[in-house]
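Trainee: Now for the letters of each chain:
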Amino acid sequence: MTDAMLLHINGQKWSVPLDGPLTLLDALREHLGLVGTKKGCDQGACGACTVLVDGQRVLSCLMLVAQCEGREVTTIEGLSQGGRLHPVQQAFVRHDAFQCGYCTAGQIMSAVALLAEGRASSDDEIREFMSGNLCRCGAYPNIVAAIRELAAAEGR
Amino acid sequence: MPAFEYVRAADVAGAVAMATADPGASYLAGGTTLVDLMLKDGVVAPATVIDVGRLPLRGIRLVGDALRVGAMTTMEELAADPTVASRVPFVREALLLSASTQLRNMARIGGNLLQRTRCRYFRDATVAQCNKRIPGSGCGAVAGVARMHAILGASEHCIAVHASDLCVPLVAVDAVVHIQGRSGARSVALTDLHVPPRDRPDIEHVLEHGELITHVDVPLLPVGARSTYLKVRDRASYEFALTSAAAALVMRGAVMTHVRLGLGGVATLPWRARAAEAVLEGARADRHTFRAAADAELAAPYTVDGTRFKVELAKRTIVRALETVTGVSS
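Chains A and B are the protein sequences, given in the same order. Residues -11 to 144 in my numbering are what the first sequence lists, from first letter to last. Residues 45 to 374 in my numbering are what the second sequence lists, from first letter to last.
Pulled out of the complex, with its shape left as it was, chain B reads as follows (with noise of 0.2 Å):
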C-alpha cells in the first residue's frame, strides 16, 4: 500500500498554505474518490493528503436568490434541504438518484464538482494507453470497450465521462464557485470549472494546485419554474448515468421560457446545452420543437463503436425531460 502523510486542516487557511507550498499534497474531502484511486487502483499517489472534511464549511443559507453551499456539505445534507427541495428540486432528484445513501453520506459538494472519471481506463493503472494518466500515452477507450463514455467534447484524446449528477443541473442553473488561494479568494462559473479535455486530458479543471473550493452559491430557479431531472443507465438505481438531462423552464401558457438544460453521462464534463436552449427558448412546447432541440445539441457528436447508440439515446433524453417538465407529449 501507499505510503503518504495524513495531516487534518484546522483552518481554511492552513490548508491552503500546507498544500501550495507541497507539490505532493491532496486534499481529502468524504475520501469516495481520493480513497478509492489512491488505495484500491494505485492511480493517484500524493505524498501528503490534507484532510479538510471538518473544516467549517458546511452547511446551507440563503444569500440573496441563492444558496450558498459549503464545500463540505455531504450530499445527503443538500438534497434534505427544504429550499433545495421547493427552489432547486431537480438537484435534489439528481443528488437521490446518485450513488448510494452511504456514499451520499460521506461525499462532499466540493469532492462532487472535481470527481475523477468512472474510465475503466483511467482507473486500471495496468493499462498503458490514457492521455489522462500518462499525457501523450493514448486513448485505450476509443478503440475499447466504451459504453459509459462520452460523445460530446470528446475527441481521439480522451473520451472520459464526468459523472457528476449533481453538476448537471448545476451548470443549468449556473451555479457559481467560491475558491480560496494562498493569495486570496475568488469565483468562477461552474460552467468555466472544468476544461474540455482536447489534447490535455490530465488538464480537468482551472484551480491552481492548493486552491481549495469553499462554497458552491446554488441560484434558485424562478418563483413557478419547473424543473426535473431524467437519468437513464443500466439498472433502476445505484449506477452511473448512459444519458441524463436536467431540465428547468417557466411556462408562458404554451410557451417557454427561462429554459436552462443540462446533459451528463455524454460529455467530458458537465454539459450545459445552450444550442438545445437557444430553440427552445420563447418557443411553444410541442414534440416537433423538443426533437429540433436536441438534434441542435447532438449536431456534431464525437462517436466511436461503442457510443454510437448514445446520440439517439442522448436525445430521446432531452425530449422526455421536456415532455415531463412541460407536460406536452404532442
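Excised from the complex, chain A in its bound form (with noise of 0.2 Å):
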C-alpha cells in the first residue's frame, strides 16, 4: 500500500493520505473537506452516508477508500451544476422533504440512483427502495412527494 491514494471524487482527482484503515465516509469528511456526506449511524444502518460509486448508491460507512482507487465517487457537494441545485434537490426543496436535514444528503443521494434505477413507478415502490435511509424527523410523506413528482415529469 502506498502512502498516498489518488481517488476520482466529483469528477476532480483527490489525493488521500493512507496511515491506516479508512472509510471512504471518514476519507471524504475529516481528510477532504466533503462534509455534506453525513455520518449518522456508522454501521450500514441508517442511510445518512449514501454517496454513488461509479453511479451506484453504496454506503460510504461500510467501505474501505482503498476499495475506491480508480472509481468515480459522486457525492452530494457533486450534483449542482454551475450554482444551479440538481432537480432531486430542487425538488426536496419545494415539498419541504426535510427538518434537521441530518438524513437528507443520504436521502437525495439515494433518490437521484432511484430515478435512474426506475424504481419510482408508484408511492409503494418509492418507499420499499428508499427504505435504506432513514429519517428520525418523519419526513417520508414528502420525500416521497418529492420523488413522485420528478418520476411523473419524467414519464416513469
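Incorrect hints may have been included.
Stated by the list, open to error - Interface residues of chain A toward chain B, partial, derived using beta-carbon atoms under 8 Å:
1) Gly8
2) Asp30
3) Gly32
4) Gly35
5) Val46
6) Met51
7) Leu52
8) Gly120
9) Tyr128
No lab work stands behind these hints: they were computed from the structure. Just so it is clear, CB atoms sit at the ideal spot from N, CA and C, and this is done for glycine as well.
Combine both chains into one complex, guided by the hints.
Mentor: Here it is in C-alpha cells:
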C-alpha cells in the first residue's frame, strides 16, 4: 500500500493520505473536507452516508477508501451544476422534504439513484426502494412526494 | 482503529496463495460484514485484508440446467438477472427483500453465504459470553434478549441465526458452492457448507483457511414450478427476518411434487426443511397437510424465553408460504 491514494470524486482528482484503515466516509469528511456526506449510525443501518460509486448508491461508512481507488465517487457536493441545484435537490426544497436535515444528503443521493434505477413508478415502490434511508423526523411523506413529482415529470 | 495491511488481489491464484500463507489474512469482498466487524465492532482483527472484490468472478451464465453465479457478483446484479426472475423467482424475491439497495450494490454473493451472524452478543466485543467469539465462554443470548435468535440447529451453546435471506431458496434448490484452494478446486453442496454449532459455534463452515468461493451454481426450478419467498419481520422493509420460508413445487392436479422448502430467521444455518418436504411430496395440497408438514419440521425446537413465540410463527410462515405457492388456502 502506498502512502497516498488518488480518488476520483465529483469529477476531480483528490489525494487521500493512507495512514491506516479508513472508510470512504471518514476520508470524505475528515481528510477532504467534503462534509456534506453525513455520518449517522456509522454501521450500515441508516443510509445517511449514501454516495454513488460508479453511479450506484452505496454506504460510504462500510466501504474502505482503498476499495474506491480508480472508481468515480459522487457526493452531494457533486450534484449541482454551475451553481444550480440538481432537480432532486430542487424537488426536496419545493416539497419541504426534510426537517433537521441530517439524513437529507443521503436521501437525495439515494433518490438520484432510485430514479436512475427506474424504481419510482408508485408510492409503494418508492417507499420500498428508499427504505435504506431512515428519517427520524418523519419527513417520509414529503420525500415520497418530491420523488413522485420527478418520476411523473420524467414519465416513469 | 485497528491496523491491518490492505492488499488488492490481482487474480484468484494469487489471492489464494497469499491468504493460505498468512494465518492472519481475511478476504474482503463487498465489505458489508467485515468492515463493520473490524472497524466498528472490534470483533475481528485480521492482520491482512485481501480485497478480492475486483477479481474476475463477476457475472452470471447458464451452464446446463443451472446458473453459474460468480462469487463477486453483487446481490443487485443477481436480482436483475432475467433467468433468475423467470426460472428461480424466489431467489430474486429473497434478494430484493434483503437489506437495502445500497447494501445490495455492495454485498457479493460469495460473501452473502459466509456472512456473520447479527447476534448482538457476538457483535458486541464488551460481552464476555459468546462461544462463537470466545470458545468456551458460554452464550449470553440464551438468558438474554433473544427475539431474533434461532430455534432450529440451536442449543445452549449458541442460538445465533444465520441471517441470509438468499441462502434460504439456495439451500432449497440444492445450490453448489465452488471453492478454490491452494491445492486445487472442489465443490460442496450449500447444505454442507455451513456447520451446525453444536459445542463449537466458532466453527461456522467447512472451508479451510485460504480457500475462496469462486462460483455458486444455482439449479433452475423445473419448468412449470411455482415458488415464493415469505419474510416475516418487525417492519415492512430493511429488516432481518423473524421467520422466513422459501417454497417451490410443481402442482400435478391437486398433488404437490418436486417440493422444496427452506427456512430462514429461525436456524443457526440456512435450513433445508426436509421433514416438511417428506410430508408434502406427493400429497394433496390442503391446509391440513401444510400444517402437518410445519408440525413435522418444528417437532423438536430449542427455545428460550425470547424465542418461544417463534415456533408457532415459523409454522404459520410455512403454512402461509405453501398457501401462496399452491393457491390452496382451505
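Trainee: Any of the earlier hints contradicted here, and which numbers?
Mentor: 9
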